[in-house]
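Undergrad: Take each chain as given, in its own frame, and dock them per the hints.
In case you want the letters, here they are:
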Amino acid sequence: MRVSVQWLASYVDLPPEVRGREIAERLIAAGLEVESVETLGAGLQGPLTVGKVVRIEELTEFKKPIRWCQVDLGSEHGGTRGIVCGASNFIVDDLVVIATPGTILPGDFHIAARTTYGHVSDGMICSERELALGEDHAGIIVLPDGTVGDDAVELLGLGDEILDIAVTPDRGYALSVRGIAREVATSFDLPFNDHAMALADLPAPEATDAPWPCDVDDAAICEMFTLRRITGFDPSATTPAWMRRRLTAAGMRSISLAVDVTNFVMLDTGQPLHAFDGSKLRGTVRAGYAASDTRLTTIDHVERVLSPDDIVIRDDSGPLGLAGVMGGFSSEIDSTTTDIVLEAAWFTPRRVAQTARRHRLATEASRRFERGVDRVLAPYASAKAMQLLLHYGGGSYVGFTAWESPYEPTRIVMASSLPERTAGMAISAGVVAERLTAVGCEVAGSQGDGADHFTVLVPSWRPDLIDPADLVEEVLRLGGYDELPSHLPAISGGRGLTERQRKRRRLGLWLAGAGLTEVLTYPFMGPADIAALRIDEEDDRQRGVTLANPLSDEQPQLRTTLLPGLAAVARRNRSRGADDVLISEMGRVFFTTKYHDLGTTVIRPATTSRPSEDELAALEELLPHQPEHLAGLLIGQRVRSGWWGEGSPVDWAQAAALARGCALEIGVHLQPRAVHYAPFHPGRVAGLYLDDICLGYAGELHPAVLLHWGLPPRSCAFELDLTVLLDASVAVSHQTQAPIIATAPVAKEDIALVLDAGIAASDVAAALTDGGGDMVESVRLFDVYQGPQVPAGQRSLAFSVRLRAEDHTLTGEEISQIRELMLAAAAQRCGAVLRGS
Amino acid sequence: MSAPNRSYDPVGVAALEPQAVGEAVGQALAAIEAARDLTELKDVRRDHTGDKSALSLANREIGALPPAAKAEAGKRMGEARRSVNEALERREGDLAVERDLRVLREETIDVSMPTDRGHTGGRHPLTTMMERMSEVFLLMGYEIAEGPEAEAEWFNFDALNIGPDHPARTMQDTFFVDSAESGVVLRTQTSPIQMRALLERPLPVYVVAPGRVYRTDELDATHTPVFHQIEGLAVDEGITMAHLKGTLDHLATMMFGEGISTRLRPSYFPFTEPSAEIDVLCFLCRGESVGNLGSPCRTCGSEGWIEWGGCGMVNPRVLEAAGIDPDVYSGFAFGMGVERTLMFRHGVTDMRDMVEGDVRFTRAFGIEV
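Chain order of the listed sequences is A and B.
All the letters of the first sequence, read from the start, carry residue numbers 1 to 837 under my numbering.
All the letters of the second sequence, read from the start, carry residue numbers 1 to 369 under my numbering.
What the hints contain is simulated information worked out from the structure, not anything from laboratory work.
Some hints here could point you the wrong way.
Unchecked claim - Listed next, with one range per pair, are the computed distances between beta-carbon atoms:
#1 A/P791 with B/A96: 39 to 45 Å
#2 A/A761 with B/T120: 41 to 47 Å
#3 A/R360 with B/T120: 20 to 26 Å
#4 A/V602 with B/E200: 41 to 47 Å
#5 A/G493 with B/E146: 16 to 22 Å
#6 B/R363 with A/W644: 20 to 26 Å
#7 B/R105 with A/E813: 50 to 56 Å
#8 B/E146 with A/G318: 43 to 49 Å
#9 B/E200 with A/D316: 57 to 63 Å
Said to hold, decoys possible - Take a look, some chain A residues computed to stay more than 10 Å from chain B by CB distance:
#10 G102
#11 A113
#12 D122
#13 G149
#14 M197
#15 M243
#16 V305
#17 D470
#18 T517
#19 D651
Unchecked claim - A few chain A residues that don't get close to chain B, going by computed Cβ distances all over 12 Å:
#20 L105
#21 P485
#22 V784
In this text, a Cβ means the ideal position worked out from N, Cα and C, and glycines have one as well.
Same shape as in the complex, but just chain B (with noise of 0.2 Å):
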C-alpha cells in the first residue's frame, strides 16, 4: 500500500471511478468464468488479482484521493476485490471438483477383466456329503464314531452275526490282508464301526459314522472298490422300528427338503432282525412320474422312489457279543452309500467321476454340497 500522495489530484484519479472499477471487476469475473482448469485460474488469478493487475493498481491511488473521498473509493475497492475473490475462490473449488473428478474417471479400468491371479480351490463332494449327513445327526445328540479300514474280519463279520460260513460273507467280495487266513480285511461295510461304538462307549450309543470302505469290484460307471458309506446307530432302552423310521424321515427331509419321507421294504442283513430297504421318495418328481408317460423322471427313472440304503433293529446276536442285554435294550443301524446319494442328488451319471479326481469336477461343488 502506497502512501498517501498529497500533489496528486484525485478528482484527476480515473481508475478509482466507478465505472472503471466495475469494468475491470467485470474483466476479472469474465475471466475467471472463463478459466478451464486450475492452471488457467492461476494466471487470471495474477491478471486480476496480482501487483499489476488494474484493481491492484487502482486500489494503490486511494491514498491519493481527498480524505473525504478515500472512504468511499476504500469502500469500492474492497468490495470489487472481495466479489473477484470470491469468484476465484468458488471457481476454483469447482475446477478442483472437476479435476478430481476427471482423475478418477482417467483412471477407470475395465473391471470385466480377469481377476483370479490365484486358484480356486474346492473340497470333495463325498467328503462334504459325508459331513453334511453327519451334521444332521450331530444336531440330534449323535456322535461321531469311527474305526480303521484295515479291520479284523472279527469285527467286519463275526461280531455282525456274519459267521465264518454265512452266505452273506462271500457276498460281499472282499480284499483280504496279507492272506485269506490273515483275520485281517479292507472292511467292507461300515458297520464295524457299531461293534466298536458299543464296545467302547457308555449305554446308551447314539452315533453316525461315515467312511470309506472297499469290495472287490472293477471300477465301471455303476461300481468301485474303493466307496464311502455313512452308518448310524442307536442303541438305547425302548428304542422301537418307529424311531428308525422317524429318523431316516428326518434325514430324508433335511437332506432333500420338506414333504420328502422314506419307505421300508422287508430284507436281510444278518445284523439286524427286522431288517428293511430304504427308499427315499423322489424329490424331483415326488413320485408324479409313476405311470405318467408324458413326463418321465431321469432322477428316479419313473419309478417314485430311489433305493438310498439298508437298515433295521439290531440283532440281539449283535448286542450280546457287545455285552449288552438284549431284554433290557434295543437299537436301530442303518446305513447308505455316500456315492449313491451324490449321484441321485447331484444328478452325477458316472461313479468314475468321483474317483478319477478331475478337479473341474470338485471345483464344481465348491467347499459345501
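One chain only, chain A, in its complex shape (with noise of 0.2 Å):
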C-alpha cells in the first residue's frame, strides 16, 4: 500500500515539520512494515511553471519529429518563449509544465538555455519521468487544468513524501489511507478525523429514475450488499488533477473519472467499488452463488467457468461479475456509460478467498475482502463516491437500495492482568483500557482500576481482534515493544542431544576427518536422473514421491537416493577446475508408501482439542516414507601425486573403508556381500550387511554411469540408510564390554592358500578364525595371487595370523596344533589347500 503524506494529512491534521521519515519510524514501531519513503521530485530545485503552448512549427529535417514551440509562461516569467520539444503529444492552447533555465530536475538534470536543432530552446517541457513523478516518458504532461503563470511544483504534488507499506494479512484495515491515518494519528497522539465515516451530504434523489433494485441469496456469503444509481452522467467528463496525481503517487493509473473515482474511495476509505453500466443491467442485481458451469468474461477478458462455490454479482441476463474479486465485461462502463449503478458490499472474507483461489486472480478487491472491509463502511464510501461522480461528472442521482444482515459488533472478555501477565511487566488496567479506547474498542468494567475483566466490543473495521491475545497484541505494541524487559526463563535442566543426534554429528565430524566436504544438495530429481542410474523397474528408488508443482519438469519428483545430486556437485566442482572431488551428504529421501498407492483420504482434524491418536495415525500415514541417507562421493587421487611420489587413485576398497568405517565409529560392524547393485560396477561393489539386513552399498561406480554423469572413470561411491544405521547402533550402545589385554607373547604365523577363485576372502578369513579357535587373535589377508603358478581358475590368498593365548606363552606344540585346525577348516569350508604342499 503506497500512501502520500498529504494524503493523509486528510484525516490527522501533522504538524508541517513532521517528514515521512518519522512517520514511518513511529508506523514500523506500531507494527507497520514502512517499506521505503521516497519523495515525489526529489532532487527538484527552483521553479516549474505552467505555460500554455501557443505556437508549434514542426522540424521535419531530422530522424526524429522535432517541435519548436512558443510557449506563453505569462508575463511574470518573460512571456512567451522558444523551447524546441521532441514529445509530440499536444496541440496548441494545451497547458504544459515548463523548466525554465537555472531549474535543476531530479537527478541533478541543470536547465540552461541552449542551442539545439538550430534554435535556442529556453527552457525544457516536462515529462513525469524527468519530474520523477512516474515513468511515463511516452509524452510531455498535459495539464487538464491550470493557469498560466501558475507555480506547477504545488499543482503536481511534487515534494509529497510516499510511504510504501507491507500489510501483514491481518491488518485489512491499513489497505486505506484512512486505516493508516488512525495508526499516525495514534502514534503522534492526535486526534483522529475519520472523515469516511461522515455521509457526504447528498441531493435528494431526483424521481426521473428508479434506484436499481438489489437482493441477496444467503447471508453467509454477503451481509450487506448496497446499490447507489446516477444518471445523464457525462462520460467525457475529465479526472480532476488533485485525483489524478493521488492515484498516480498510489500506483495506479488515470482510466476514466467514473473507474478513478471508484479506485480513490477504495485506497481513501478501503472500500472497494464497483460501476456497473445500468444500460446493461437486466432486472435486480443480486448477491449469491453462481449456476455450476455458467460461464463470465471477466474485464480482464479471459472467460471463466463457474462453480457452484463461487460467489457472484448476477442479475435476470446471468452473472454479471465475482463477487469481491472482479466485475464482468458484459456491464463494464464505457466511454458512452451515462447511467451508473455503483456497487459496495460486504462480503464473507473466506468466500472471496476462495473464489479469487479458484479463479488465480489476486485483485485489489479481493485482497482486501480477503482480510475485512470495515462492516459498516459500504453506504458511506459509496455516497462519498458519488458525491465525487455528480461533482466532477454531473447527472441526476436517483437513490440508493441496500440489503443487510443485522450486525453484532465481537465482543471479548478478558482480564484486565492479561497484558502484564503476557508482557512481563506491569500494565494497568487503566493502561489497558485507554489503548484499547485509542484503537477504536469500546471498552465496558473500565472505569478505575479495579475492574478484573473488560468487556470490550471490537471496532467493525478490526475483524482481526477475536480472542484475547489479539488485545494483548493491540495493548503491547501500542506502548512498544522496547518497553518490555528482558531476562530468562528459570529451566529444570534438559537431556541434551538424542543418541542419535549425537551420533549424527559424530559421523559429519568423522567424514570431514576423513578428507570428505560435506554438501547440502537439493532433493529433487527427474526421470532422467532414475534413467542414469541404470536400475530396473523393480528397483525402490523408482517408488519416488512426485510435487504437484514442482520448480522444474526435469526434475518433479523427491530424491529416492543421494547419488544424483552428488554426482552434479562433482560435476559442478570439476568443471570449476577441481581435479580431486571428494563430497558427502546427509539427507532425507523420499519414497512413496504402499499407503499411498491405495489413494489416501485426507484427514483435518479439529483444531479446538488435542486430535485423538487414531487422528495422529492418520495423519502420519499420509507421509511419504522418509528415512535419512547417507552417501560420499569419491573422484580422483586419494593420496596425491607430490614430491613424495605418484599419488594413488580413490578406489572401492576406500568407498567400502568410509561406509564400514562410518559405521564401526558408533559400533555397528557391517559385512561385505558381493551383490549386483545399480549404478555401480556389477563386479566391484559391496553390499554392507549386518547380519541379513542391507544398510548401503559401497564400490566403484559403473563405467557407463560415469560416461552419462560426465565423471572420470573408477570413480567410487558409498550410500548408506542413516536412519537404520542409527537404530542398530542405538541398538547395540552401551553393550561394549572392555576387551582383556593379554600380555603374553604373540605367535605370528603366515599361511598361504590356494583355492578356487570364486571364493571370498572374507570366507576364507572366517574359516581359519572359525578353525583355529579362541587361540586366535586376528587374521589377515596379505597378499593375492593368481598366475602361471597356481592352477588356472584359482588363487593364492596368503594370511598373516597372530595367535596368543590370555595366560601363557604358547609351545611350538600348540602353535602348530592351532594351524592345522586352521588348515583343516579353510580345506572343509573352502577347499583350500596349503600353497606348495
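TA: See below:
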C-alpha cells in the first residue's frame, strides 16, 4: 500500500515539520512494515511553471519529429519563450509544465538555454519521468486544468512523500489511507478525523428514475449489499488533477472519471466499489452463488467457467462479476456510459478468498475483502464516491437500495491483567483501557483500575481482533515493544542431544576428518536422473514421490537416492577446475508408501482440541517414507602425487572403508557381500550387511553411469541408510564390554592357501578364524596371487595370523596344532590347500 | 709385554728417556688433535698406541731396565700412555658428536614443501551454524526436536492457526506432494515441529528445531527453494514476552558477542499473538553507521539493525489444538533463517554459494563456524 503524506493529512493534522521518515519510524514501531519513503520529484530545485502552448512548428529535417514551440508563461515569467521539444502528444492551447533555465530537475539535470536542432531552446517542457513523478516518458505532461504562470510544483504535488507499506494479512484496515492515518494519529497522539464515516451530503434523490433493486441469496456469503444510481452522467468528464495525482502516487493509472473515483474511494476508505453501466443491467442485481458450468467473461477479457462454490453478482441475464474479486465484461462501464449503478458491499472473507484462489485472481478488491473490509462502511463509501461523480461528472442522483443482515460487533471478555501477565511487566488496567480505546474499541468495566475483566466491543474495521490475545497485542504494541524487560526463563535441566543426534554429528565430523567435504543438495530428481542410474523397474528407487508443482519439469519428484545430487555437485566442482572431489551428504530421501498407492483420505482434525490418537496416526499415514541417507562420492586421487612420489587413485576399497568405518565408529560392524547393485560396477560393489539386513552399498561406479554423468572412470561412491544404521547403533549402545588385554607373547604365522578363485577372501578368513579357536587373535589377508604358479581358475591367498594365549606363552606344539586346525577348516569350508604342499 | 732382558744395558735404552717419551706423547697428542674424523682418528690410534707405535715399543723396553729404574720408567710410561688414551677418548667423543650433528645437518629437508598427501574435508557451514545455534539452547536446557520434511498440511498450516482459506496460506509458496489435495506438503517452515513437540512431549516443553524447509522460489542471489530455519519453543507456566526478549538477547550475545541485543517490532504470524519481527543490533558497526555517511556499514546497510527472524507468544489457539490449557500454560516461539544468519555473520553475498556445493566455499569454514 502506497500512501502519500498529504493524503494522510486529510485525516490527521500533522505538524508541518513532521517528515515521512519520522512517520515511517512511528508506524514501524506500531507494527506496520514501511518498506520505503520516497519524495515525489526528489532533487528538484527551482521553479516549474504552468505554460500554454501558443504555436507549434514541426521540424522535419531531423531523424525524429522535433517541435519548435512558443509557450506563454505569463508576464511574470518572461512571457512567451521558444522551446524545442521531442514529444508530440500536445496541441496548441494545451497547458504544459515548463522548467526554465536555472532549474535543476531530479537526477541533477541542470536546465539552461542552449542551441539545439537549430534553435535556442529557452527551457524544457517536462514529462513525468523527468520530474521523477512516474515512468511515463511517452510524452510530456498535459495539464487538464491550471492557470498560465502558476507554480506547477504544488499543482503536481511535488515534494509530497510516499510511504510504501507492506501490510500483514491481519491488518486489512491498513489497506486504506484511513486505516494508516488512524495509526499515525495514535502514534503521534493527535486527533483522528474519521471523515470516511461522515455520510457525504448527497442531494435528495430525483424521481426521474428508480433506484436499482438489489438482493442477496444468503447472508453467509454477503452481509451487506448496496447500490447507488446516477443517471445523466457525462462520460466525457475528466478526472481532476488532484485525484489523478493521488492515484499516480498510490501506483494506480488514471483510466476514466468513473473508474478513478471508485479506485480513489477504495484507497481512501478501504471499501472496494464496483460501477456497472445501468443500461447493461437486466432486473434485480443480487449477490449469490454461481450456477454450475455457467460462464463469465471478466473485465480482463478472460472467459471463466464458474462453479457453485463461486460467489457472484448476477442479474436476470446471468453472472455479472465475481463478487469481491473482479467485475464482468458485459456490464462494464465504457466511454458512453451515462447511467451508473455503484455497488458497495461486504462479502464473507473466506468466500472471496476461495473464489479468488479458484480463478487464480488476486485483485485490489479481493485483497481487501479477504482480509476483512469495515463491516459498516459500504453506504458511507458509496455516498462519498457518488458525491465525487456528481461533482465532476454531473448527472442526477436517483437513490439507494440496500440489503443488510443484522450486525453485532465482536465482543471480547478479557482479564484486565492479561496484558501484564503476557508481557511480564506491570501494565495497569487504566492503561489497558486507554490503549484499547485508542485503537477504536469500546471498553466496558474500565472505570478505574479495580475491574478485573473488561468487556471489549471491537470496532467494525478490526475483524482481526477475535481473542483476548489479539487485544493484548494491541495494548503492547501501542506501548512499544521496546518497553519489554529482558530476562531468561528458569528451565529445569534438559537431557541434551539424543543418542541419535549425537551420533549423527559424530559421523559428520568423522567424514570431514576422513577428508570428505559435506554438501547440501536439493532433494529433487527426475526421470532422466533415474534412467541414468540404470536401475530396473522393480527397484525401490523407482518409487519416488512426485510434486504437484515442481520448480522444474525435469525434476518433478523427490530423490530416492543421494547419488545423482552428489554427481551434479561433483561435475560442477570439476568444471570449476577441481581435480579431486571427495564429497559427502546426509539428507532425507523419499519413497511412496503402499498406503499412498492405494489412495488416501485426507484428514483434517479440528484444531479446537487435541486430535485423537487415531487421527494422529491417520496423519502420519499420509506421509511418504522419508529415511535419512548418508552418501559419499570419490573422484580423482585419494593420495595426491607430489614430491613424495606418485599418488594413488580412489578405489572401491576406500569407498567401502569409509562406509564401514562410519558404521564401526558408532559400534556397528558391517560385513561386505558381493552383490549387483546399480549404479555401481557389477563386479566391484559390496553390499554392506548387518546380519541379513543390507544397510547400503559401496564400490566403484559403473563406467557407463560415469560416462553419462560426465565424471572420470573409476570414480567410487557409497550410500547408507542412516536411519537404519542409527537404529542399529542405538540397539548396541552400552553393550561394549572392555576387552581383556593379554600380555603373553604373540605368535605370528603366515598361511598361504590355494583355492578356487570364486571363493570370497572374507569366507576363507572366517574359516581360518573359526577353525583356530580362541587363540586366534587376528587373521589378515596380505597377499593375493593369480597366475601361472597356481592352476587355472584358482588363486593363492596369503594370510598373516596372530595367535596368543591369555595366560601363557604358546609352545611350538600348541602353535602347530592350531595351525593344523585352521588349515583343516579352510580345506573343509573353502576347499583350500596349503600352497606348496 | 716382554720378559726382562737381563743382558741389556739399561743405560742405553734411549726410548725410555723422558725426552723421547715426551716427544712421542707430543706427536701422539698433535696427531689426535689433527684427526678430522673418526676414520682418521682410528689411524692415529693405530699409529700412536698400536703394537708398533713408539710408546708401545718403549714400554716393551721397561723389562730390560734394572729393577731400580723399572718403577720410575713404568710410571713415566703409564702417565704417557694414559694421557694419549685420554686424548683419544676425548677426541673420539667430540668427533662422534660432530659426526652425529653432521648427519642430522645433512638430513635436513625443506619443510616448506607441501604436506598434503591426502585431502582436507569440511562440514557445510549451514550444518555447523545450526549446531552452533542449537548449542546455545542445549546449554540452557532445551532439547532438539525434529519432524518430517514431507509434512501433513495439518501440521504445517491448520494446527498453527492457518486455516484452509487463511491469506497466509497462499503467501508461503508451497510445494504440494502428489497433488494440491493430498494433504501433504514440503514443510514451508520449521513451525510444524512446534505442534509435534507439544503433542509428543510432556509439559513443560523447551525445544529448538533446526531443519530444512521449502518454498517455490526460483534460485537466485537472494532466494532458494530449499533453505534452513531454526525454531525455538518454550511452553511452561508463567512464560512471558519478557522471557522471549531475554532468550533472544541471550542468543544474540552468544552468536555475535557481548553487548549485541535484539529489538522487537510488532508483526503478524497466525501461530503467535502478540507477534514480532526480530532485529539484531549490527555486530559490526553497533548502530554507529546510522546517519553517518562517512563510514557506511555494509553488513547492516547503515540501518544499525539487521532483520533476523520472527517471534511471538504462542497463540492460545495453537495450545488448544495441542490439548494444552491456555489459562494455565503460556509460551513463546521464535524462528530465524540459518542462511540469513550465515550471510550476515560471515559476509556471504550470494545465496547460490550455500547451495552449489563448491568445496572451496565449505572448506573455508572447516568444521565449525
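Undergrad: Is A/D470 truly not at the interface, in the sense that its beta carbon sits beyond 10 Å from all beta carbons of chain B?
TA: violated (6 Å)
Undergrad: Within 20 to 26 Å: is that where the Cβ-Cβ distance between B/R363 and A/W644 falls?
TA: Check passed, 22 Å falls within 20 to 26 Å.
Undergrad: CB of B/R105 to CB of A/E813, is that within 50 to 56 Å?
TA: The hinted range 50 to 56 Å holds for B/R105 and A/E813, with Cβ atoms some 53 Å apart.
Undergrad: For A/M243, is the shortest beta carbon distance to chain B beyond 10 Å?
TA: holds (29 Å)
Undergrad: Would A/G102 pass as off the interface with chain B, using Cβ distances and a cut of 10 Å?
TA: holds (28 Å)
Undergrad: Look at the Cβ atoms of A/V602 and B/E200 and judge whether their distance stays inside 41 to 47 Å.
TA: violated (22 Å)
Undergrad: Check the non-interface label on A/V784: least C-beta distance to chain B beyond 12 Å or not.
TA: holds (25 Å)
Undergrad: If I take the minimum Cβ distance from A/P485 to any residue of chain B, is it greater than 12 Å?
TA: Given a closest Cβ separation of 4 Å, the condition is violated.
Undergrad: Does the beta carbon distance between A/P791 and B/A96 stay inside 39 to 45 Å, or does it fall outside?
TA: For A/P791 and B/A96 the Cβ distance comes to about 58 Å; the hint is violated.
Undergrad: Just checking, A/D122 versus chain B, shortest CB gap more than 10 Å?
TA: About 37 Å separates A/D122 from the closest Cβ of chain B, which puts it past 10 Å; holds.
Undergrad: Measuring from beta carbon to beta carbon, are A/G493 and B/E146 in 16 to 22 Å?
TA: With Cβ atoms ~20 Å apart, the hint holds.
Undergrad: Confirm or reject the claim that B/E146 and A/G318 have a C-beta distance inside 43 to 49 Å.
TA: violated (54 Å)
The structure fails to meet hints 1, 2, 3, 4, 8, 17, 18, 21 from the earlier list, while all remaining hints are met.
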